[in-house]
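A.B. asks: One line per chain: the protein sequences are A and B, in this order. Counting along the first sequence from 1, when you hit position 44 you're at 44 in my numbering, and nothing is skipped either side. Whatever position you read off the second sequence (first residue = 1), add 183 for my numbering.
Wrong hints could be hidden among the right ones.
What the hints assert, rightly or not - Below 25 Å or equal to it, Euclidean Cα-Cα: the simulated DMTMM-like pairs (lysine to aspartate or glutamate) are:
| id | chain 1 | residue 1 | chain 2 | residue 2 |
| --- | --- | --- | --- | --- |
| 1 | A | K45 | A | D55 |
| 2 | A | K161 | A | E73 |
| 3 | A | K45 | B | E468 |
| 4 | A | K45 | B | D415 |
| 5 | B | K441 | A | E121 |
| 6 | B | K634 | B | D599 |
| 7 | A | K50 | B | E410 |
| 8 | A | K50 | B | D476 |
| 9 | B | K503 | B | E611 |
| 10 | A | K50 | B | E632 |
| 11 | A | K45 | B | D599 |
| 12 | A | K45 | B | E410 |
No lab work stands behind these hints, which were simulated from the structure alone.
So the chains spell out like this:
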Amino acid sequence: MTADTMPLLPSPGPTRADKLFMLFLVLVLLAVVAIGRMMYNVGLKNEISKQNTADLVQWLAQAGSQRFDSGFEPAQCAGGDANASNTWAACLPRLLADGGPLAGLRNPFTQKTPFFVARCEPGSAALAGALVIEKLTPGQPGAAQAFYPSPLGGDDPINKKMQLRLSACDHGGYAGISTEVTF
Amino acid sequence: MKPHQPKPQLVSLEAPSASIPSDLPMRQWLYAWLLDTKIAGNYQQSLDRWIALLIVANLLALLFEHIPAVYLPYQSWFHLFDVASVAVFSAEYLLRLYLAPEDPDFKNRGSPRLRFMRSPFGLIDLLAIAPFYLQAFVPVDLRALRFLRLLRILKLFRVLIPAWQEFKRLNQGRSFRQKIHALVYPSEFGGNLHHIFDTFIMVCVLISVIGIVIESVQSIDHVMHLEFIVLDTVMVAIFSLEYCTRLYCCVEQPGFQKAFSGRWRHAKSPSLLVDLLAILPFFLEAFLHHLFDLRFLRVFRLIRLLKLTRYTGATATLTKVLAREWPVMSASIFIMLLMVVLTATLGYLFEHQAQPEKFENIPQSIYWAVITLASVGYGDISPVTPMGRMMTIILALMGIGIFAIPAALLSSAFTDQLRIERENLRNELYEMLEDGRLSAQEIEQVQAEAKRLHLSQQDVDQLIEKARRERELMEDVSGLPLHKIAGKSEHALEHYKSLLSQIRQLGILTDAQKFEELARSSDRLTDTELALWHKIQGNKDKEQPQG
């Protein structure tokens with residue numbers, strides 16, 4: 001009879017301590033899964049924020065080529081000399097308002113209409129899901145940077161073509177990856 | 184006098200080559216080389232290992248196929264990899280089918296190939312490749328196909344089941360905690376399953392670290408953020424279970440037997456602290472993110488890389504070297520600090536007037552002094568006064584020596600430590616060679632130690648030869664005076680055996696007839712002496728003393 005074919009000696013079964021240990025392992029596993037799920041849900045909300053930015057970018061890009069035509073809707077976002085009084089403060093709320101082209105957007109962290117901020121602030125959870133739009137001003141010829149970003153003010157005119165940079169703040173108030181668009 | 188001692192067999196650092204006769208029938212020969220689990224040194228283990236790697240690669244490919252940002256640009260490469268994998272798995276299946284009549288599990292029964300096809304492993308092998316061929320004839324939903332491809336993971340049981348059976352055999356009659364200990368910690372009861380466990384943890388550490396590094400690339404994190412969360416959760420789950428398991432069964436380790444104090448002492452050991460630090464950021468960030476911004480803790484997940492130090496002796500050697508050389512190192516560091524502060528102060532003295540914005544204060548001058556002493560020389564702060572420049576010249580020249588001292592100390596201490604460890608190995612070999620040979624367990628021990636010390640085959644051979652010679656010299660008592668030999672019964676016995684052997688050799692080499700004639704004619708030997716001579720020579724008919 002070889003070692004392979006010899007019958008195995010019976011081993012003592014798990015003791016109470018062993019059973020408690022196994023139970024503890026299961027609890028640890030459940031805790032990790034619960035935390036992982038919580039983080040996944042937060043991650044999903046961040047993904048929705050990113051999608052909000054992507055939707056806004058898509059609309060701005062589309063509108064960028066049409067908003068100088070007459071009859072562009074919403075009129076608050078139209079460009080050209082005839083609409084010199086239009087400002088961002090009037091345009092952005094109109095986009096997200098009922099009946100606006102981006103009426104469906106929701107801040108996943110608050111389930112309310114997304115709001116715009118000048119910049120994300122790391123550590124500020126209140127800014128979670130907020131959208132950031134920066135205007136990019138062309139640098140002088142030969143400058144180190146082609147464009148210089150600056151916060152978009154509500155009173156800034158909207159009637160001229162402009163380069164914008166958009167991003168969303170994540171759950172910790174950190175800015176996500178930004179996308180540039182010509183509006 | 185040299186007692187008879189068999190020459191020890193050499194310890195090969197390579198896997199031993201199988202001795203399979205080349206004149207075997209083709210099928211038998213192929214089976215012996217590729218699939219026979221009982222022949223040491225054949226390619227069975229290598230084949231299993233490569234197949235296991237391919238299965239893991241398939242699993243990873245399957246995971247990445249779910250990420251559009253990764254899958255879509257490289258769709259054709261994924262398909263190519265799938266085709267190549269199926270080709271390898273199909274070849275393996277056909278090989279096993281062809282060689283089934285040689286497999287002891289099937290050969291003694293009717294239709295061995297059919298039996299192989301119906302066996303659990305045969306079915307698993309078929310399941311791994313069947314969906315690929317199925318989609319050529321029947322339109323199969325992509326999701327169902329991916330699920331079926333997941334079945335390839337079942338092929339890993341080919342490696343796991345034999346390891347599990349060996350583990351059960353080695354641990355029969357042992358308690359649950361002892362078995363867990365054998366699985367997690369290196370011991371004689373661990374077998375292959377322990378190696379698989381170690382490999383699994385190492386692979387997890389590498390995947391986790393690669394994940395953390397890639398996650399820091401914002402453009403990748405942007406598209407794969409959720410996947411990174413899942414990966415981190417899975418890894419933390421694995422590492423948490425490993426940590427708890429190590430802590431639970433450490434009481435089986437010598438020196439940690441006490442239920443509370445033993446565990447507490449083990450928990451404070453560097454390796455367990457590293458294990459804890461590897462998982463702590465995950466829990467801290469989850470529980471305390473409301474109070475603090477703990478995102479910086481994510482970088483500390485890279486501590487997981489330190490978990491690999493458990494599997495290499497390099498860190499232990501470094502710790503030993505630093506501990507041993509600490510008095511000299513600390514003296515050297517003290518001189519270095521003295522130099523830095525002194526030169527920084529002088530730099531401030533000479534340059535502050537000329538460049539108040541650069542040499543604003545002594546701490547800023549310390550930065551300049553360290554950068555100059557260490558020969559880094561960024562050039563952002565440089566002296567402009569003649570005195571300052573002269574001092575920089577002296578500082579730069581001294582820096583070469585000052586910073587070289589600790590480096591030289593460490594390098595020489597490393598060499599010393601390696602020499603000491605080689606000496607230790609030689610001493611161990613000396614002990615092992617007590618019976619003149621190395622057992623399989625001893626060979627395994629020497630192989631592991633040689634691997635740890637990065638010794639070549641030639642180094643190991645030399646060490647064995649050296650240890651063998653030393654033992655022979657120790658046991659050779661022929662040079663000792665007779666009363667010294669007689670002082671120890673073992674030596675006396677060996678000496679007696681040696682003398683008898685020499686008399687026998689004399690009988691063989693001399694002319695027996697002339698010896699006999701001379702002994703009888705000249706009465707040079709008494710009858711008893713002559714009879715004893717014959718007895719020693721084995722001449723039974725002449726053993727009785729005459730007269």
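A.B. asks: Hint by hint, say whether it matches the structure.
C.D. replies: Here is how each hint holds up against the structure:
no.	hint	result
1	A:K45 x A:D55	holds (15 Å)
2	A:K161 x A:E73	holds (17 Å)
3	A:K45 x B:E468	holds (17 Å)
4	A:K45 x B:D415	holds (18 Å)
5	B:K441 x A:E121	violated (51 Å)
6	B:K634 x B:D599	holds (18 Å)
7	A:K50 x B:E410	holds (16 Å)
8	A:K50 x B:D476	holds (21 Å)
9	B:K503 x B:E611	holds (20 Å)
10	A:K50 x B:E632	violated (54 Å)
11	A:K45 x B:D599	violated (58 Å)
12	A:K45 x B:E410	holds (14 Å)
In terms of the numbered hints stated before, the structure departs from hints 5, 10, 11, listed from lowest to highest.
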